[in-house]
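**Q** Working from the sequences, and respecting the hints, build out all of it.
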Amino acid sequence: MIKDSDQLTIQSSLEALKIIRNFVYEFCKRNKIVEKSINSIVLAVDEATTNIVKHAYKNKENGIIYISLTLRDNVLSIELEDLGVKFNENDIPKANIEDYYKEHKKGGWGVFLIKKLMDLVHYTRSDEGKNYLLLEKKVEFEEDAK
Amino acid sequence: MTDFKINIDNYSNEIVIIKLEGYLDAHTAPELENQIANLVENDIVKIIIDFEKLNYISSAGLGVFMAYIEDIREKGGDIKFTNVPDKIYEVFDILGFPMIYEIYKDSKEAINNFNEISNDQR
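Protein chains in written order, with this note's numbering: chain U, 1 to 146; chain E, 1 to 122.
To be clear, the hints were calculated from the coordinates, so they are not data collected in a lab. Source: prediction; values computed, not measured. Keep in mind that a hint or two might mislead.
Stated by the list, open to error - Once the Cα atoms are required to be at most 20 Å apart in a straight line, the calculated SDA-like pairs of lysine to any residue come out as:
1. U:K54 - E:N55
2. E:K5 - U:K54
3. U:K18 - E:N112
4. U:K29 - U:V85
5. U:K115 - E:P30
6. U:K36 - E:N55
Stated by the list, open to error - Take a look, some chain E residues computed to stay more than 12 Å from chain U by CB distance:
7. D25
8. A29
9. E41
10. I103
11. N113
12. I117
Quick reminder that beta carbons are idealized off the backbone N, C-alpha and C, glycines included.
**A** As structure tokens, then:
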């Protein structure tokens, strides 16, 4: 059963990250999801949208990011869509802390974090050139935590 | 409204405490990067990062520390973390940061550690 759903369409920019985080936070809060789950979800969405802004749209501010949140029972689904360049997982170096230390790389942890924080991560690219990322996480509610 | 603030406390000629406040994400990380680059350029490499007032960090923020740690250690310095709130520690933990960085309860402990190392070298 769908408990709640909400959508946000926003122009691609790093400044938009805080608006996106607030949007996700408010949605989780009004559905009384526990803080620990909220922190993971907000961070995963931030990492995913950061990648869209930086890599899919290559920091150009004319791209559109569409975010849809759906809470079904105790599973939150987050769908992210953009029309940027294709995501290639092979471009993402393995997030191994030792290797990073040696190479002192600044990035590349976003995907690693998303996979750690979410229960399901699924990327597809449509024939029309749309990137579609689905994230899912089983959440706990404040009343369950009592 | 500022989302992110950096407060630099020049504890001594050698040791600097960087107090972070607010939200450290891909948008605000370059500000921190500039500050650290500036310190390293001036050979100030004993750096303590105080997370007490930091509400949020994403991988872009964490990447700043990774970018400079090697240079800093080569110059005989270090980046040490203090006052790390639980929710920020959780992110550190996922990425294995506790294996790379020393984490102290407060700045005093981190300063003592820097001073002990300098005394040993004398």
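**Q** Does each hint fit the structure? Answer for all of them.
**A** Now for the hints, and whether the structure bears them out:
{"no.": "1", "hint": "U:K54 - E:N55", "in the structure": "violated, 23 Å"}
{"no.": "2", "hint": "E:K5 - U:K54", "in the structure": "violated, 23 Å"}
{"no.": "3", "hint": "U:K18 - E:N112", "in the structure": "violated, 37 Å"}
{"no.": "4", "hint": "U:K29 - U:V85", "in the structure": "violated, 33 Å"}
{"no.": "5", "hint": "U:K115 - E:P30", "in the structure": "violated, 25 Å"}
{"no.": "6", "hint": "U:K36 - E:N55", "in the structure": "holds, 14 Å"}
{"no.": "7", "hint": "D25", "in the structure": "violated, 5 Å"}
{"no.": "8", "hint": "A29", "in the structure": "violated, 9 Å"}
{"no.": "9", "hint": "E41", "in the structure": "holds, 16 Å"}
{"no.": "10", "hint": "I103", "in the structure": "holds, 14 Å"}
{"no.": "11", "hint": "N113", "in the structure": "holds, 20 Å"}
{"no.": "12", "hint": "I117", "in the structure": "holds, 20 Å"}
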